[in-house]
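J.: According to full-length UniProt numbering, the sequence shown is numbered sequentially starting from 1.
These are computed hints drawn from the structure, not numbers from a lab. Using N, Cα and C, we set each Cβ at its ideal position, and we do this for glycine too. Any given hint could turn out to be false.
What the hints assert, rightly or not - Think about it this way: if two alpha-carbon atoms lie no more than 35 Å apart in a straight line, the pair counts; the simulated DSBU-like pairs of lysine-lysine are:
(1) K249 <-> K264
(2) K183 <-> K216
(3) K264 <-> K250
Claimed, not checked - Listed next, with one range per pair, are the computed distances between beta-carbon atoms:
(4) K216 <-> T416: 40 to 46 Å
(5) D174 <-> Q272: 42 to 48 Å
(6) G106 <-> N201: 58 to 64 Å
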Amino acid sequence: MLLGVIADDFTGATDIASFLVENGLPTVQLNGVPQDDVLVDAQAVVISLKSRSCPVNQAVEQSLQALTWLQRQGCRQFYFKYCSTFDSTAQGNIGPVTDALLDALGEQQTVISPALPVNGRTVYHGYLFVMDQLLSESGMRNHPVTPMTDSNLLRLMEAQATGRCGLVNAAEMDRGAGAVQEKLQQLAQQGVRYAVLDTLNEQHLLTQGEALKTMKLVTGGSGLAIGIARQWAQPGGKKAQSAGAPQGKKAVVLSGSCSLMTNKQVARYRQQAPAQSVDVARCINATERNAYAAELSAWVEQHAGEALAPLLYATAEPENLQHTQQQYGIEAASLAVEAVFAAVAERLYQRGFSRFIVAGGETSGVVTQALGISGFHIGPCISPGVPWVRAIEQPVSLALKSGNFGDENFFARAQTEFPV
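Just need the whole structure built from these sequences, with the hints factored in.
T.: Right, dumping it as C-alpha coordinates:
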(Lines of atoms letter the chains of each structure in order from A and count residues from 1; the text may use other names and numbers.)
(Lines give C-alpha, C1' and ligand atoms only; values in the text may rest on other atoms or scores of the structure.)
Protein backbone atom coordinates (compact mmCIF):
# COMPACT_ATOMS: atom_id res chain seq x y z
CA MET A 1 0.00 0.00 0.00
CA LEU A 2 1.37 3.38 -1.03
CA LEU A 3 -0.92 6.13 0.25
CA GLY A 4 -3.10 6.32 3.34
CA VAL A 5 -5.74 9.07 3.55
CA ILE A 6 -7.54 10.19 6.70
CA ALA A 7 -10.69 12.10 5.68
CA ASP A 8 -12.72 14.11 8.17
CA ASP A 9 -16.13 13.29 6.69
CA PHE A 10 -17.85 10.83 4.36
CA THR A 11 -18.39 13.01 1.31
CA GLY A 12 -14.87 14.37 1.66
CA ALA A 13 -13.61 10.80 1.57
CA THR A 14 -15.44 9.90 -1.64
CA ASP A 15 -14.34 13.26 -3.06
CA ILE A 16 -10.63 12.53 -2.67
CA ALA A 17 -11.01 8.84 -3.54
CA SER A 18 -12.52 9.81 -6.88
CA PHE A 19 -9.58 12.09 -7.72
CA LEU A 20 -7.09 9.38 -6.77
CA VAL A 21 -8.78 6.82 -9.02
CA GLU A 22 -9.25 9.35 -11.83
CA ASN A 23 -5.51 10.03 -11.77
CA GLY A 24 -4.44 6.40 -11.92
CA LEU A 25 -4.23 5.21 -8.31
CA PRO A 26 -6.52 2.24 -7.48
CA THR A 27 -8.32 3.20 -4.27
CA VAL A 28 -10.72 1.72 -1.75
CA GLN A 29 -12.69 3.76 0.77
CA LEU A 30 -13.30 2.34 4.25
CA ASN A 31 -15.95 3.78 6.53
CA GLY A 32 -14.32 4.21 9.90
CA VAL A 33 -11.19 2.54 11.22
CA PRO A 34 -11.32 -1.25 10.69
CA GLN A 35 -11.27 -3.32 13.86
CA ASP A 36 -8.56 -5.53 12.41
CA ASP A 37 -6.31 -5.76 9.37
CA VAL A 38 -8.58 -6.38 6.39
CA LEU A 39 -7.37 -7.43 2.96
CA VAL A 40 -7.45 -4.37 0.69
CA ASP A 41 -6.70 -4.80 -3.01
CA ALA A 42 -5.61 -1.24 -3.77
CA GLN A 43 -2.58 1.05 -3.73
CA ALA A 44 -4.45 3.68 -1.71
CA VAL A 45 -6.95 3.52 1.13
CA VAL A 46 -9.17 6.37 2.26
CA ILE A 47 -10.53 6.07 5.80
CA SER A 48 -13.60 8.22 6.27
CA LEU A 49 -14.23 9.59 9.74
CA LYS A 50 -16.93 11.86 11.14
CA SER A 51 -14.46 14.22 12.76
CA ARG A 52 -14.96 17.60 11.06
CA SER A 53 -17.11 19.20 13.74
CA CYS A 54 -16.99 16.81 16.70
CA PRO A 55 -15.13 17.71 19.94
CA VAL A 56 -11.40 18.29 19.35
CA ASN A 57 -10.18 15.43 21.55
CA GLN A 58 -12.50 13.01 19.77
CA ALA A 59 -11.29 14.14 16.33
CA VAL A 60 -7.67 13.72 17.39
CA GLU A 61 -8.28 10.27 18.88
CA GLN A 62 -10.09 8.99 15.77
CA SER A 63 -7.43 10.39 13.44
CA LEU A 64 -4.59 8.78 15.40
CA GLN A 65 -6.41 5.45 15.35
CA ALA A 66 -6.70 5.74 11.57
CA LEU A 67 -3.01 6.61 11.29
CA THR A 68 -2.00 3.59 13.38
CA TRP A 69 -4.05 1.25 11.18
CA LEU A 70 -2.59 2.75 7.98
CA GLN A 71 0.93 2.44 9.36
CA ARG A 72 0.33 -1.26 9.96
CA GLN A 73 -0.56 -1.63 6.28
CA GLY A 74 2.86 -0.24 5.30
CA CYS A 75 1.71 3.07 3.80
CA ARG A 76 4.61 5.23 2.64
CA GLN A 77 2.80 8.58 2.67
CA PHE A 78 -0.11 9.94 4.69
CA TYR A 79 -2.71 12.53 3.73
CA PHE A 80 -5.07 14.38 6.09
CA LYS A 81 -8.03 15.44 3.98
CA TYR A 82 -10.38 18.28 4.93
CA CYS A 83 -12.85 20.41 2.98
CA SER A 84 -11.74 22.74 0.18
CA THR A 85 -13.36 25.57 2.16
CA PHE A 86 -11.20 24.75 5.22
CA ASP A 87 -14.30 24.19 7.39
CA SER A 88 -13.22 24.65 11.01
CA THR A 89 -13.53 26.86 14.07
CA ALA A 90 -10.99 28.81 16.10
CA GLN A 91 -10.51 25.66 18.19
CA GLY A 92 -10.16 23.15 15.37
CA ASN A 93 -10.36 20.54 14.24
CA ILE A 94 -7.87 20.95 11.38
CA GLY A 95 -5.03 22.40 13.47
CA PRO A 96 -5.16 19.96 16.41
CA VAL A 97 -5.46 16.91 14.13
CA THR A 98 -2.55 18.11 11.98
CA ASP A 99 -0.40 18.64 15.08
CA ALA A 100 -1.27 15.20 16.44
CA LEU A 101 -0.41 13.48 13.15
CA LEU A 102 2.89 15.36 12.82
CA ASP A 103 3.87 14.42 16.37
CA ALA A 104 2.89 10.77 15.90
CA LEU A 105 5.01 10.55 12.74
CA GLY A 106 7.92 12.47 14.26
CA GLU A 107 7.73 15.08 11.50
CA GLN A 108 8.43 18.82 11.80
CA GLN A 109 6.60 20.23 8.79
CA THR A 110 3.62 19.75 6.51
CA VAL A 111 1.66 21.73 3.93
CA ILE A 112 -1.79 23.33 3.85
CA SER A 113 -3.39 22.98 0.41
CA PRO A 114 -7.22 23.11 0.37
CA ALA A 115 -7.47 24.38 -3.22
CA LEU A 116 -9.57 22.68 -5.88
CA PRO A 117 -9.46 24.95 -8.96
CA VAL A 118 -11.87 22.83 -11.02
CA ASN A 119 -14.55 23.68 -8.42
CA GLY A 120 -13.49 27.32 -8.05
CA ARG A 121 -11.44 26.94 -4.84
CA THR A 122 -8.12 28.73 -5.23
CA VAL A 123 -5.47 30.18 -2.91
CA TYR A 124 -3.62 33.43 -3.63
CA HIS A 125 -1.18 35.09 -1.23
CA GLY A 126 -2.52 32.70 1.39
CA TYR A 127 -6.14 33.83 0.94
CA LEU A 128 -8.75 31.21 0.08
CA PHE A 129 -11.25 32.08 -2.67
CA VAL A 130 -14.56 30.45 -3.59
CA MET A 131 -15.04 31.26 -7.27
CA ASP A 132 -14.32 35.01 -7.44
CA GLN A 133 -15.15 35.72 -3.80
CA LEU A 134 -13.01 35.57 -0.70
CA LEU A 135 -14.05 32.66 1.52
CA SER A 136 -15.31 35.12 4.14
CA GLU A 137 -17.57 36.81 1.58
CA SER A 138 -18.99 33.58 0.15
CA GLY A 139 -21.91 31.50 1.40
CA MET A 140 -19.50 29.85 3.87
CA ARG A 141 -19.64 32.99 6.00
CA ASN A 142 -23.08 31.85 7.21
CA HIS A 143 -22.36 28.13 7.56
CA PRO A 144 -24.54 26.84 10.44
CA VAL A 145 -21.76 24.80 12.10
CA THR A 146 -18.45 26.27 10.93
CA PRO A 147 -19.00 29.87 9.75
CA MET A 148 -15.88 31.06 7.93
CA THR A 149 -15.38 34.78 8.60
CA ASP A 150 -11.67 34.97 7.71
CA SER A 151 -10.12 34.01 4.36
CA ASN A 152 -6.45 34.07 5.39
CA LEU A 153 -5.26 30.48 5.79
CA LEU A 154 -2.16 31.50 7.74
CA ARG A 155 -4.25 33.24 10.39
CA LEU A 156 -6.83 30.46 10.44
CA MET A 157 -4.20 27.77 10.94
CA GLU A 158 -2.16 29.61 13.58
CA ALA A 159 -5.34 30.34 15.56
CA GLN A 160 -6.06 26.64 16.09
CA ALA A 161 -2.63 25.00 15.89
CA THR A 162 0.56 25.16 17.98
CA GLY A 163 3.15 26.27 15.42
CA ARG A 164 3.95 29.01 12.94
CA CYS A 165 2.57 29.21 9.41
CA GLY A 166 4.40 30.34 6.28
CA LEU A 167 3.60 30.76 2.58
CA VAL A 168 4.80 29.37 -0.74
CA ASN A 169 3.44 31.99 -3.11
CA ALA A 170 2.16 31.68 -6.67
CA ALA A 171 5.36 33.05 -8.23
CA GLU A 172 7.40 30.35 -6.48
CA MET A 173 4.86 27.74 -7.54
CA ASP A 174 5.23 28.87 -11.16
CA ARG A 175 8.98 28.17 -11.01
CA GLY A 176 8.33 24.47 -10.48
CA ALA A 177 8.82 21.67 -7.97
CA GLY A 178 12.48 22.48 -7.27
CA ALA A 179 11.63 26.04 -6.26
CA VAL A 180 8.81 24.81 -4.03
CA GLN A 181 11.10 22.32 -2.29
CA GLU A 182 13.72 25.04 -1.78
CA LYS A 183 11.14 27.38 -0.23
CA LEU A 184 9.86 24.62 2.06
CA GLN A 185 13.40 24.01 3.28
CA GLN A 186 13.86 27.73 3.98
CA LEU A 187 10.62 27.83 5.94
CA ALA A 188 11.64 24.74 7.91
CA GLN A 189 14.94 26.40 8.85
CA GLN A 190 12.92 29.36 10.12
CA GLY A 191 10.88 27.05 12.35
CA VAL A 192 7.72 27.19 10.21
CA ARG A 193 5.59 24.11 10.90
CA TYR A 194 2.86 24.60 8.27
CA ALA A 195 3.34 25.94 4.73
CA VAL A 196 0.29 27.31 2.92
CA LEU A 197 0.54 26.63 -0.83
CA ASP A 198 -0.80 29.20 -3.29
CA THR A 199 -2.78 27.35 -5.98
CA LEU A 200 -4.37 28.97 -9.02
CA ASN A 201 -4.61 26.10 -11.50
CA GLU A 202 -4.16 22.37 -11.98
CA GLN A 203 -0.52 22.79 -13.00
CA HIS A 204 0.15 24.13 -9.51
CA LEU A 205 -1.37 20.92 -8.09
CA LEU A 206 0.90 18.81 -10.29
CA THR A 207 3.89 20.86 -9.17
CA GLN A 208 2.89 20.30 -5.56
CA GLY A 209 2.61 16.55 -6.07
CA GLU A 210 6.13 16.41 -7.49
CA ALA A 211 7.56 18.66 -4.78
CA LEU A 212 5.93 16.70 -1.95
CA LYS A 213 6.59 13.14 -3.07
CA THR A 214 8.94 12.51 -0.13
CA MET A 215 6.96 14.45 2.52
CA LYS A 216 5.62 11.96 5.07
CA LEU A 217 2.43 13.88 5.86
CA VAL A 218 0.53 16.24 3.58
CA THR A 219 -2.78 17.96 4.33
CA GLY A 220 -5.33 19.51 2.04
CA GLY A 221 -8.55 19.22 0.11
CA SER A 222 -9.03 16.76 -2.73
CA GLY A 223 -7.21 18.89 -5.33
CA LEU A 224 -3.76 18.06 -3.99
CA ALA A 225 -4.66 14.40 -4.59
CA ILE A 226 -4.35 15.02 -8.33
CA GLY A 227 -0.65 15.78 -8.01
CA ILE A 228 0.00 13.14 -5.32
CA ALA A 229 -1.76 10.40 -7.31
CA ARG A 230 0.27 11.17 -10.45
CA GLN A 231 3.44 10.49 -8.45
CA TRP A 232 2.22 7.08 -7.30
CA ALA A 233 0.14 6.13 -10.36
CA GLN A 234 0.71 2.84 -12.14
CA PRO A 235 -0.44 1.66 -15.60
CA GLY A 236 -4.08 0.57 -15.66
CA GLY A 237 -5.01 2.40 -12.47
CA LYS A 238 -8.10 4.06 -13.95
CA LYS A 239 -9.61 0.66 -14.83
CA ALA A 240 -10.52 0.34 -11.16
CA GLN A 241 -13.50 2.67 -11.79
CA SER A 242 -15.50 -0.19 -13.27
CA ALA A 243 -15.71 -1.85 -9.85
CA GLY A 244 -17.72 1.10 -8.54
CA ALA A 245 -20.13 1.56 -11.45
CA PRO A 246 -23.72 1.97 -10.18
CA GLN A 247 -26.13 -0.96 -10.23
CA GLY A 248 -29.74 -1.52 -9.24
CA LYS A 249 -33.09 -0.03 -10.27
CA LYS A 250 -34.95 1.52 -7.34
CA ALA A 251 -33.48 4.88 -6.36
CA VAL A 252 -34.10 7.72 -3.92
CA VAL A 253 -32.62 11.18 -3.39
CA LEU A 254 -32.02 12.31 0.21
CA SER A 255 -30.88 15.88 0.85
CA GLY A 256 -29.83 17.11 4.28
CA SER A 257 -27.39 19.81 3.22
CA CYS A 258 -28.42 23.47 3.51
CA SER A 259 -25.60 24.88 1.38
CA LEU A 260 -26.29 27.46 -1.31
CA MET A 261 -25.68 25.01 -4.14
CA THR A 262 -27.80 22.25 -2.61
CA ASN A 263 -30.66 24.74 -2.22
CA LYS A 264 -30.39 25.44 -5.95
CA GLN A 265 -30.20 21.72 -6.74
CA VAL A 266 -33.28 20.96 -4.66
CA ALA A 267 -35.20 23.84 -6.24
CA ARG A 268 -34.36 22.56 -9.74
CA TYR A 269 -35.13 18.93 -8.93
CA ARG A 270 -38.52 19.77 -7.38
CA GLN A 271 -39.54 20.90 -10.87
CA GLN A 272 -38.47 17.55 -12.35
CA ALA A 273 -39.48 14.86 -9.88
CA PRO A 274 -41.75 14.15 -6.90
CA ALA A 275 -40.39 15.87 -3.77
CA GLN A 276 -41.34 15.91 -0.11
CA SER A 277 -40.05 18.28 2.55
CA VAL A 278 -39.00 16.76 5.89
CA ASP A 279 -40.83 18.25 8.87
CA VAL A 280 -38.23 19.04 11.55
CA ALA A 281 -40.87 19.24 14.29
CA ARG A 282 -41.93 15.65 13.63
CA CYS A 283 -38.27 14.57 13.58
CA ILE A 284 -37.68 16.20 16.97
CA ASN A 285 -40.53 14.26 18.59
CA ALA A 286 -38.77 11.02 19.55
CA THR A 287 -42.00 9.13 20.19
CA GLU A 288 -43.28 9.96 16.70
CA ARG A 289 -39.98 9.62 14.85
CA ASN A 290 -40.29 5.96 13.78
CA ALA A 291 -43.85 6.43 12.58
CA TYR A 292 -42.78 9.50 10.62
CA ALA A 293 -39.89 7.62 9.02
CA ALA A 294 -42.33 4.87 8.01
CA GLU A 295 -44.66 7.48 6.50
CA LEU A 296 -41.85 9.05 4.49
CA SER A 297 -40.66 5.65 3.31
CA ALA A 298 -44.15 4.75 2.14
CA TRP A 299 -44.35 8.01 0.19
CA VAL A 300 -41.04 7.23 -1.53
CA GLU A 301 -42.27 3.75 -2.49
CA GLN A 302 -45.43 5.24 -4.00
CA HIS A 303 -43.33 7.32 -6.39
CA ALA A 304 -40.57 4.80 -7.09
CA GLY A 305 -41.76 3.94 -10.59
CA GLU A 306 -41.54 7.45 -12.02
CA ALA A 307 -38.95 8.67 -14.52
CA LEU A 308 -36.76 10.30 -11.85
CA ALA A 309 -36.32 9.15 -8.27
CA PRO A 310 -38.37 10.79 -5.50
CA LEU A 311 -36.65 13.38 -3.28
CA LEU A 312 -36.83 13.80 0.49
CA TYR A 313 -35.22 17.05 1.59
CA ALA A 314 -34.47 18.87 4.83
CA THR A 315 -32.65 21.53 2.82
CA ALA A 316 -33.70 25.05 3.80
CA GLU A 317 -32.88 28.64 2.93
CA PRO A 318 -30.64 30.46 5.49
CA GLU A 319 -33.53 32.43 7.03
CA ASN A 320 -35.69 29.34 7.57
CA LEU A 321 -32.71 27.35 8.81
CA GLN A 322 -31.88 30.01 11.38
CA HIS A 323 -35.47 30.01 12.62
CA THR A 324 -35.44 26.23 12.99
CA GLN A 325 -32.14 26.28 14.87
CA GLN A 326 -33.38 28.97 17.21
CA GLN A 327 -36.56 27.02 17.88
CA TYR A 328 -35.05 23.58 18.49
CA GLY A 329 -31.29 24.14 18.90
CA ILE A 330 -28.65 23.54 16.23
CA GLU A 331 -27.47 20.13 17.43
CA ALA A 332 -30.89 18.79 18.41
CA ALA A 333 -32.43 19.68 15.05
CA SER A 334 -29.52 18.24 13.10
CA LEU A 335 -29.40 14.96 15.04
CA ALA A 336 -33.16 14.48 14.81
CA VAL A 337 -33.25 14.96 11.03
CA GLU A 338 -30.25 12.65 10.60
CA ALA A 339 -31.98 9.96 12.67
CA VAL A 340 -35.03 10.11 10.40
CA PHE A 341 -32.93 9.94 7.24
CA ALA A 342 -31.10 6.92 8.68
CA ALA A 343 -34.37 5.16 9.49
CA VAL A 344 -35.79 5.93 6.04
CA ALA A 345 -32.67 4.61 4.28
CA GLU A 346 -32.76 1.40 6.29
CA ARG A 347 -36.44 0.83 5.51
CA LEU A 348 -36.00 1.52 1.81
CA TYR A 349 -33.03 -0.84 1.56
CA GLN A 350 -35.13 -3.59 3.10
CA ARG A 351 -37.74 -2.91 0.41
CA GLY A 352 -35.33 -3.30 -2.49
CA PHE A 353 -33.93 0.20 -2.98
CA SER A 354 -30.31 -0.05 -4.06
CA ARG A 355 -29.37 3.43 -5.35
CA PHE A 356 -29.06 6.28 -2.86
CA ILE A 357 -28.18 9.82 -3.98
CA VAL A 358 -27.34 11.78 -0.83
CA ALA A 359 -26.50 15.47 -0.36
CA GLY A 360 -24.56 16.62 2.69
CA GLY A 361 -21.61 15.20 4.58
CA GLU A 362 -23.48 14.49 7.82
CA THR A 363 -26.45 12.99 5.99
CA SER A 364 -24.14 10.83 3.88
CA GLY A 365 -22.47 9.57 7.02
CA VAL A 366 -25.65 8.52 8.80
CA VAL A 367 -27.13 6.91 5.68
CA THR A 368 -23.96 4.92 5.09
CA GLN A 369 -23.88 3.78 8.71
CA ALA A 370 -27.57 2.91 8.70
CA LEU A 371 -27.02 0.66 5.68
CA GLY A 372 -24.14 -1.07 7.48
CA ILE A 373 -21.63 -0.32 4.72
CA SER A 374 -18.01 -0.88 5.71
CA GLY A 375 -16.36 0.30 2.50
CA PHE A 376 -16.72 1.28 -1.17
CA HIS A 377 -15.31 0.66 -4.58
CA ILE A 378 -14.94 4.02 -6.34
CA GLY A 379 -16.81 4.41 -9.62
CA PRO A 380 -17.21 7.00 -12.38
CA CYS A 381 -17.56 10.70 -11.57
CA ILE A 382 -20.91 12.46 -11.82
CA SER A 383 -19.28 15.84 -11.11
CA PRO A 384 -15.72 16.68 -10.04
CA GLY A 385 -15.26 15.17 -6.58
CA VAL A 386 -18.56 13.26 -6.62
CA PRO A 387 -18.30 9.69 -7.92
CA TRP A 388 -20.75 6.85 -7.85
CA VAL A 389 -19.51 4.32 -5.31
CA ARG A 390 -20.53 0.70 -4.73
CA ALA A 391 -20.51 -1.04 -1.36
CA ILE A 392 -17.87 -3.74 -1.04
CA GLU A 393 -20.11 -6.30 0.66
CA GLN A 394 -23.66 -5.35 -0.45
CA PRO A 395 -25.53 -4.63 -3.69
CA VAL A 396 -25.82 -0.92 -2.91
CA SER A 397 -24.65 2.05 -4.98
CA LEU A 398 -24.42 5.57 -3.61
CA ALA A 399 -23.63 9.08 -4.79
CA LEU A 400 -22.48 11.03 -1.73
CA LYS A 401 -22.38 14.74 -2.48
CA SER A 402 -20.70 17.40 -0.39
CA GLY A 403 -23.01 20.38 0.06
CA ASN A 404 -21.57 22.85 -2.45
CA PHE A 405 -20.46 20.33 -5.10
CA GLY A 406 -22.14 19.63 -8.42
CA ASP A 407 -24.15 21.82 -10.80
CA GLU A 408 -27.82 22.74 -10.41
CA ASN A 409 -28.99 19.69 -12.38
CA PHE A 410 -26.84 17.26 -10.39
CA PHE A 411 -29.62 15.04 -8.99
CA ALA A 412 -31.12 14.38 -12.42
CA ARG A 413 -27.75 13.89 -14.13
CA ALA A 414 -26.70 11.30 -11.55
CA GLN A 415 -29.54 9.19 -12.90
CA THR A 416 -29.79 10.04 -16.60
CA GLU A 417 -26.05 9.82 -17.32
CA PHE A 418 -25.76 6.48 -15.50
CA PRO A 419 -29.00 4.68 -16.34
CA VAL A 420 -29.99 1.22 -15.12
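J.: The structure should be examined with respect to each hint, and the outcome stated for every one.
T.: Hint by hint, here is what the structure shows:
no.	hint	result
1	K249 <-> K264	26 Å, holds
2	K183 <-> K216	17 Å, holds
3	K264 <-> K250	24 Å, holds
4	K216 <-> T416: 40 to 46 Å	44 Å, holds
5	D174 <-> Q272: 42 to 48 Å	44 Å, holds
6	G106 <-> N201: 58 to 64 Å	34 Å, violated
In summary, the one numbered hint that this structure violates is 6.
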